[in-house]
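Sequential numbering from 1 applies to the sequence shown in my numbering.
Note that these hints are calculated values from the structure, not bench results. No false leads were slipped in.
In silico SDA-like cross-links for lysine to any residue, where the CA-CA straight-line distance does not exceed 25 Å:
(1) Lys325 to Asp375
(2) Lys704 to Thr768
(3) Lys763 to Thr663
(4) Lys704 to Gln715
(5) Lys595 to Phe958
(6) Lys947 to Phe958
Just so it is clear, the structure is predicted and the values come from calculations on it, not from any experiment.
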Amino acid sequence: MIPRPSSVHVENDPSVYSQPVYHKQSSNACGQCIDKFKNGIIGGMERFFFQYGKAVANRPSCFIILCIVIAAASGSGLMKFRQENVGHKLWISDESNSRKDTDWLWDNYPPSVRMASMIFEADDILVPEVFQTMYRIHKEIEAIETKLGESWKDHCQLLPVFKAPDLSQILSFGKRRRKRQAANETQDDEDFSFDFDFEDNDFFAEDDGFGEESLDDIGDTPPNNDDMLSIAEAFSASSYPKPYCDIVAGMETACFEMSLLELWAKDGVYSSETDDAIANLTKEKIIEKINSVNTSGVFLNKRNFTTLLSGVEYEENSQNIVRAKATVIWWFGRMNGTEALLLPVKERQEPITLGTLEFEGQMLDVMLNQSGYPDGLKSFPNTRRSFGDVAGSTILGDVGKLGIGYTIVFIFVMIMLGQFNCVEQRAFLSLTGILGVAMGIVTSYGICSAMGLFFGPMHGVLPFLLLGIGIDDMFVIMQCFITLSDDEKKLPLTDRFGAAMQHAGVAITITSVTDVIAFGIGGSTVIPALQSFCLYASVGIVATYFYQCTFFVAWMSIDQRRIEDKRDGCFPCWKHSNWTPNAWSQKSCLSSAFKGIGHLLTKWPIKIFVIIFTLAIAGCGIWGNVLLEQKFDITWFLPPDTYIAQWFAKNKEYFPFGGDRVTIFCHDLDYQHDFESLAQLSNSIKNQTDIVDDVDSWTDHFTKYMNSHFLPMSQRPKLPVLRLNQSYFDDKLAQFFFSPRGGKYREQFEFAKPLQCGEPASKLVLSTITFTHKIFSGPEEHIPAMNRIKVLIANANISGRIFPLSQGYTLWETDEIIAVELYRNLALAVLCVFLTTLFLISNIVTSSLVLVCVILSLIDVGGFMHFWGLTIDTVSSNNLIIAIGLCVDYSAHIAHRFMVERGTRNERARKTLQNIGPAVLNGGFSTFLAFILLADSKSHVFSSFFKIFFLVVTFGLFHGLVFLPVILSIFGPGPNAIEIELHENELNVIENNERMIGTELRDTAVTVNGTENGSTLQNRSKTYEI
1 MIPRPSSVHV ENDPSVYSQP VYHKQSSNAC GQCIDKFKNG IIGGMERFFF QYGKAVANRP
61 SCFIILCIVI AAASGSGLMK FRQENVGHKL WISDESNSRK DTDWLWDNYP PSVRMASMIF
121 EADDILVPEV FQTMYRIHKE IEAIETKLGE SWKDHCQLLP VFKAPDLSQI LSFGKRRRKR
181 QAANETQDDE DFSFDFDFED NDFFAEDDGF GEESLDDIGD TPPNNDDMLS IAEAFSASSY
241 PKPYCDIVAG METACFEMSL LELWAKDGVY SSETDDAIAN LTKEKIIEKI NSVNTSGVFL
301 NKRNFTTLLS GVEYEENSQN IVRAKATVIW WFGRMNGTEA LLLPVKERQE PITLGTLEFE
361 GQMLDVMLNQ SGYPDGLKSF PNTRRSFGDV AGSTILGDVG KLGIGYTIVF IFVMIMLGQF
421 NCVEQRAFLS LTGILGVAMG IVTSYGICSA MGLFFGPMHG VLPFLLLGIG IDDMFVIMQC
481 FITLSDDEKK LPLTDRFGAA MQHAGVAITI TSVTDVIAFG IGGSTVIPAL QSFCLYASVG
541 IVATYFYQCT FFVAWMSIDQ RRIEDKRDGC FPCWKHSNWT PNAWSQKSCL SSAFKGIGHL
601 LTKWPIKIFV IIFTLAIAGC GIWGNVLLEQ KFDITWFLPP DTYIAQWFAK NKEYFPFGGD
661 RVTIFCHDLD YQHDFESLAQ LSNSIKNQTD IVDDVDSWTD HFTKYMNSHF LPMSQRPKLP
721 VLRLNQSYFD DKLAQFFFSP RGGKYREQFE FAKPLQCGEP ASKLVLSTIT FTHKIFSGPE
781 EHIPAMNRIK VLIANANISG RIFPLSQGYT LWETDEIIAV ELYRNLALAV LCVFLTTLFL
841 ISNIVTSSLV LVCVILSLID VGGFMHFWGL TIDTVSSNNL IIAIGLCVDY SAHIAHRFMV
901 ERGTRNERAR KTLQNIGPAV LNGGFSTFLA FILLADSKSH VFSSFFKIFF LVVTFGLFHG
961 LVFLPVILSI FGPGPNAIEI ELHENELNVI ENNERMIGTE LRDTAVTVNG TENGSTLQNR
1021 SKTYEI
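With the hints as constraints, model all of the structure from the sequences given.
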């Protein structure tokens, strides 16, 4: 906001005021209506602020206590203060289907999977020292025991160890199965418990051939891993429920981890043999194991372990790996989701149990302890709680900078508010002004917290923003008091404060309303994080405005009494005698500088240069806007020097395999009738080969399982077209979920009753299909891909509730609406600000020129955002909305001043710069100073805030102080006709040219009422055209 001076600098020309010039009314009815409306509003405001300023100065202690009570009462709302860092609650509209689906899933079936990982990086990680370090960390995590007595086994996902059953038993049951299947080939179709649906019978599942053939080919040769899985699959079909269920019940389990260390495990465990092998590793043994073994020693299944390596180098003329730069360990944990919902840990944004929180905390302690690492080895951990930990601390981060920033601003305010002498310096008053800003922050946080609004990642810039706004208000009030007319300075103290607030109150009301309008438009957004920030800011601006008009003015009246009593600024008890201010402290250098700048800018060569230079900058801005990308990544909210941000960076560098993983949740389906549609949906997604990499659907495996083991070879149709009756379907569904290939889905699905081996499945209430997108370059690719998947699901004609969810979709939905929200909010804010400017200036030409300056500033800011590495995201969108309010301040005050000056266009432009230019520059600099310490911030929010506001102040001041005066000197309209009602004694002084006007010549009707010796001064009006 820009201080609006209350005094008018007028050259000492007797001809100016020697004769009254009578008011020239607007020439049309519309203009007359605007003048009357404007005079009524502004005049009423000035009369109110005159009385308010007198009241505050008359009883300062009462108003100080009132402000403290209001701040304390509103601050009590902080008891309901809450932070939010859960992605879907920040960036997705409350009314969007994705938000509703996510909330529904958490309320009914809270996710229980808790993943953790650790990336290791070195010049070569295939060396003994690295593997020994990895193994030590693995053992330390296994040895963790929390205060609740819980260990890794209490928190890990347990998977079965696929040890081979007795082959003679399998062969025996395999022969009986072949006899039974041969008999089945000759029996009639009605012997099977099938219901046929012949409406769409052109979809047939192919037989995959892993039935009896796998048993015939066993012979005496030990089967490999693929054969074992096929044998176990056939065994689950032929030997169910007995003895298969007995074998399943006795099957050993192990905690689910994925790492290269599995290559050294033995028969499902990390044994003492493993300890010896790791301790005696050599480079050659590691290379041999990596290149020759592809079976997990823990789960005894085949796996491609090279996917856990990155930066791989191969032996010349060979495919043998000899070197790698990175590897990763994955831990898969679990949590009781129901307990997390019913008994969540307080002050955590996501539901989490106390046991899980404590275990993951100790797990992080182990991961972050890098003592004993070999030279050159680095590690980057990540647990499920890490993002919340770091994001939560980041939201309230940079507290130290806030304190330093307020200290720097305090020094600046102390210098600017006071004079360089022992009495007129205002250190204590500056402190009370800063305290008023702090009270505004407390009030904003308290009221918004009581309203239920959350505190998000962007809210950390609010103290800096409100500091700049509060400082500007202080400058306006102080400047208006200092520049009172000579006669006003002779009034009693309370009347002087009334006169000062008569001018300053309207000025800071105008600027505050402009900012509240800009934030109010932003508060209409559907993005929760942006909406909450704008509402916090709106309340904070109003609160800061109130405290500066009341709390600061009350202390200012006390401080003014001190100065008039000639008491020392630092030691008020010390009263100076025979004190007079030194001449140097009364000088103003900026006014002289702007006088010279004004003469320079009104020369035609300079005018032409300024116009060309402005158009050139605008051209660069337009080009930058064309190149400006729309991109948003939630990891930007993590400071880059944190361990979790480094994990994301290293994971993207070394393991960028596949795109976003999406889960389709299916709830309350009639699977007997919907199975075919569900299978078709799975195949439809598979066919989207341009946007989908792979699909994992239980319907595919169930179809193969049924068609290969239970349906006759000649049976047509088969699944998924074939419709099974309900009892047979439930029986085989349970059998499938206990088979080797179906077992992985068992823990992921929800049944009406717990699934029991050997018993029919109860109603399947929640199932999932997962798939992985390809890696996309940006919103232009991932938004259409997401919408195509949603259309496929909507057109699947499946009963029940079915919806896709993923972390990527949360961000992509924000990408889909952020640009629309930005341009809508910008258009509405510009329109509202233009109407406000038109109302205050009452001239369509001048208001249009102000609008041009605002638009040019926004174009330049948007274009240079691209050149500075910024993109369109929620943070930049919010800052651009704020920028409108600041840009219009710089230009509007110049335009308003131009309209009340008289003379030729060049003369009015020069006078405008000389009289208000210093105030405009001072206001811009104070705004810049408020956030200067954010320049080196590691936070995306703070660094974006600094960059955008630096551009706003730079281009706003350029267009307001350079471009607009040049344009006004060429195309500016004539001065406003202003009606001024002044004291009789002031009119006499003006008519006799005995002094210069000390009160501001405004474009509104002003009635000044004063009292002297308890009697009311009689007012006389004359109308002038200035």
